[in-house]
Structures are given as C-alpha cells and as structure tokens.
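Chemist: Heads up: the protein sequence lines correspond to chains A and B, in order.
Residues in the first sequence are numbered from 2 upward in steps of one, following our numbering.
Residues in the second sequence are numbered from 569 upward in steps of one, following our numbering.
Treat the hints as calculated values from the structure; they're not laboratory data.
Among the hints, erroneous ones may be present.
Output of the computed footprint for chain B on chain A, the stretches with three or more beta carbons under 8 Å from beta carbons of chain B [stated by the list, open to error]:
(1) 40-49
(2) 119-126
Computed from the model, here is a short list of chain B residues facing chain A with C-beta under 8 Å [unchecked claim]:
(3) Tyr616
(4) Asn619
(5) Ala668
Here are a few chain A residues that sit away from chain B, every Cβ distance over 12 Å (derived from the structure) [stated by the list, open to error]:
(6) Pro21
(7) Arg30
(8) Asp52
(9) Gly56
(10) Ile80
(11) Asp95
(12) Cys101
(13) Ala114
(14) Cys138
(15) Glu146
(16) Leu149
(17) Ala150
(18) Arg153
(19) Arg156
(20) Glu157
Each residue gets a CB set at the ideal place from its N, CA and C atoms; glycine is no exception.
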Amino acid sequence: MKQQLILKVNGEEHEVFAEPSKLLRDVLREDLDLMGTKEGCQDGYCGACTDLIDGKAVKSCLVLARQARGKEVTTIEGIANNGRLGPVQQAFVDHFAVQCGFCTPGMILSATALLSENPSPTEMEVKRALIGNLCRCTGYAKIVEAVLAAARIVREGDNPRHD
Amino acid sequence: MRGFQYFEPETLSAACSLLAKYKGEAKVIAGGQSLLSMLKNRLLAPDYVVNIKGLSGLEYIKERPSGIAVGALTIHRAIETSPVVGARYPLLVEMEHRLAAVQVRNWGTIGGNLCHADPAADPPPCLLALNAIVKLKSRSGTRSLPLEQFFKDYLESVLAPDELMVEIFIPNLPARAGTAFIKESVRANDMAVASAAAVVIPNGKGAKEVRIGLGAAGPTPLRARKAEKTLVGRCLEDAAIEEAAAIAAEEASPTTDMHGSDSFKRQLLQVVVRNALKEAGQRAQVGRAR
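The following block holds chain A by itself, in its conformation from the complex (with noise of 0.2 Å):
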C-alpha cells in the first residue's frame, strides 16, 4: 500500500506517495522526475545511480526511500548553482571526460563526495574513490583527469573560465 512519505532532495521537501519497498533510485525519478539517477546494473556494481546523502556517496538503488527521510538527499540536478556548472561538472566538461554520459552523474557525484572529503587527492586516490563507479566508454583516463583538475580549482577557489 502506497504510504506518505517526505524526503528532502537538493534542498526541498518533497510528499510523495509511495510503497515501502520503493527504492530511493526509483522515487527520485519516478515520482519526482529526477532522471539524473540512472538505472544500470540494479545490483549495486555499476554505480549510475550514485546519489548523495548528508553529502556521503551512495547506491540509490540500494537504499529503501523510506531509509532517506529526514536527512539531505543531493541528485546531480542539485549540484550546479543557479545555472552555473559546479567544478566538478564543468572539469569533465573541458577535459572530454564525457562519451555516452550515462554514467557521468554518478562520477560526478563521488567525485564531489571526494573532494567535500579530500580536497587534494592523489591519483590513485581518485581512482579509488571511483571504484563503484564503472564507466564502458572512455577508459578512465580523461575521468580521473577532470577529477584532480576539479580538486585543483576548488581548493583556488575560483573558476577563471567562468567569472
């Protein structure tokens, strides 16, 4: 039986009405329309569903919504500000570190969970931090780049491309 429920997701309180078995992954984009979380493996091995809460990386599709209330849900429609691309975001931008993008928003959601973490991380630190996050496109390679190129300009704290 469908049952109220209110979770807080980038920033506002949403009622939706769901079963108790619904998974976090599931109402944000059924009920609210969040397509950003993506459905992939449905196991918990491929990461695309990645979301954040109180700012901690986790599996959306491995996590019951009821489990979410009260706490701080964060999709990645919730990462840029007012229009403008976060670091992270705009880094994967103007390294290529995109192909088919479907599992960018998971990487960039551990990414942002890194550096909210870690603000100077190793390579090999980046690559750990994304080890729950398979991507079959690009290899890696230019995904890692744009992570230390992010962690450079957050901790500069500026975006000179931008201002």
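Mind docking chain B on chain A? Use the hints.
Modeler: Frame of chain A; chain B shown alone:
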C-alpha cells in the same frame, strides 16, 4: 521486488518485539546492501521488513581494557576511518579498503554484513582470525558466542528469527602481532573469488600462534585450523608457509561457479593464504626479511 509491510521501530526492544511477533516472516534491514539484492532477485520475499538502520545506540567503536567493542550498526566507512581501529587492528582497515566501493561502505553496516553470512564477504575471515565475539539479543535475553560458531551454512547463521546482532567484540592483539588480508576478485569492487586473513603472534624468532581465516572457501567462512597448527613454534620461512598454505587449501571446500572450478579456487586459496602468511609474518618480524 515483492511488496511488504514496513516497520521502523524506535527502540531495540520494540524491534525485538516485532521480530518475536512475526517470527520467521520478517526480515531485518540495516544498510540493506546485501538484503535489497536478495529481495530484488526474489531470493527472499518476506511479508514484513523491519528497518533498524535508524536505531540509536548501536553505532559506536568503544575502547575497552580487553579489546574494542563495535556496535552492530556501525557503517564500514566508520571502521575504515577510525583512528582507534587503525592503531589497534590495521587488518580491519586493510579489509575495509577492499570491501566493495565507498558508496557501499557509507551505508552498509558491519552487523548486517555478518548476519548475511555470505562466505565470500570480506569481514568474516578477518574477524575470525581476530577471535571476534558477537553479542546477540532477543526479548528473552542476550547471548555472546565466538564468531566461529555463528556461521551455520551458506547464507545461514545461528541467529534465531527473533534475535538481532547488537555488538562485535574484538579482543586485544599482542603488541608485535602481524596481520594481513589478501583478496582476489574479478573487478576491484567485487566479492572475493578467494580471500585469506592471517594473524601471526611472534615469540622470539618463531610464531607463538598463527590464525588463518578463509573467505569464499566453502559454504561458510572458516578458520584453517590444521594449517595454523603446523606453524606453531616455527619461523615463517617459505617452506613452512608453502606447507601450511597447501594444508589450508585442503581444509577448504570451494564450489564451482562462474568465477572458476573448485580446483581452480583451491589453487587460488593456496596463493592468498601463502601471501597473507608472508605479509603477516614479515609484519610480525618472524618471516624472512624483504
């Protein structure tokens, strides 16, 4: 996934009451990193699901005189980044680095991992080698038992339908003990095809005590007791390690699956045991110098 009635008890005793009421018809969800896969693939279809992820008071790492106590709802990431765990049980940090991906470690709990009783999971071989003790609670009381007695069969434990795991206790290790965890998997974030944890407690130039935990080595995680015995009192040189690794592989009973045949897995177990013993022996300074 089949629908279910969902409960979110606010206290541990309320959770225990629900489990007693729906005995056998209810499944407990904590982080759900294993359970949700089972539900989606319809390997399980419970009528009731009891969410304990939000229960307070079961997420902690406490230092005690005789060891550390870890609350069953402690997430993997908290163990991985705990300075206390890092200083006293580097084996657990080494293991957590290899456990799935950070997204899973951010949400999944140590108690949930153990209660899922997957023989290929990473914590069991390490916690077996650390002689961990688990505390189980139901409405009728609390019992503690060695983790080695907790696993019963493939994905089965001795946990009664109305019981919850509440704590994992890890006894102190002697100061000079060396430990290591070695895991072979297909991709970095996959489950083990073979894994081994070794604890080597030195005495002079030899080993006073050796403990070997095996993962993906049969229906349950297990200790390679015969292999451990062959190393007592000996220096962990290549010949001694080879002999023990071969015995450990014989103690295992891996099954053929998509990752390989039983004989391939037995060989792989021999390799991970050998490497874990070498590394732990060097760290305990009873192996050959590098």
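Chemist: Verify that the Cβ of glutamate 157 of chain A lies farther than 12 Å from every Cβ atom of chain B, and report whether the claim holds or is violated.
Modeler: Per Cβ check, glutamate 157 of chain A is outside 12 Å of chain B; nearest 25 Å; holds.
Chemist: Verify that the Cβ of isoleucine 80 of chain A lies farther than 12 Å from every Cβ atom of chain B, and report whether the claim holds or is violated.
Modeler: holds, 16 Å
Chemist: Measuring Cβ to Cβ, find out whether arginine 153 of chain A lies farther than 12 Å from everything in chain B.
Modeler: holds, 22 Å
Chemist: With d taken as the least Cβ-Cβ distance between glutamate 146 of chain A and chain B, does d exceed 12 Å?
Modeler: holds, 20 Å
Chemist: So, tyrosine 616 of chain B near chain A? Judge it on the closest CB pair being under 8 Å.
Modeler: violated, 10 Å
Chemist: Would the least Cβ to Cβ distance between alanine 114 of chain A and chain B come out above 12 Å?
Modeler: violated, 8 Å
Chemist: Is it correct that the beta-carbon of proline 21 of chain A has no partner in chain B closer than or equal to 12 Å?
Modeler: Contrary to the label, proline 21 of chain A does not stay out of reach of chain B, its closest Cβ about 3 Å off (not over 12 Å).
Chemist: Decide, holds or violated, for the assertion that all CB atoms of chain B are farther than 12 Å from the CB of arginine 30 of chain A.
Modeler: Nearest chain B Cβ is 15 Å from arginine 30 of chain A, so the label holds.
Chemist: For the region 119-126 of chain A, count the residues whose Cβ lies under 8 Å from any Cβ of chain B; is that count three or more?
Modeler: It is violated: at least three residues are needed, and the region 119-126 of chain A offers just 0 whose Cβ sits closer than 8 Å to chain B.
Chemist: Test the statement that glycine 56 of chain A is away from the interface with chain B: the closest C-beta pair must be farther apart than 12 Å.
Modeler: violated, 10 Å
Chemist: Cysteine 101 of chain A: least C-beta distance to chain B exceeds 12 Å?
Modeler: holds, 20 Å
Chemist: Beyond 12 Å from every chain B Cβ: check whether that's true for aspartate 95 of chain A.
Modeler: With a cut-off of 12 Å, aspartate 95 of chain A remains clear of chain B, as the shortest Cβ separation is near 25 Å.
In summary, the structure is inconsistent with hints 2, 3, 6, 8, 9, 13 from the numbered list given earlier, while agreeing with the others.
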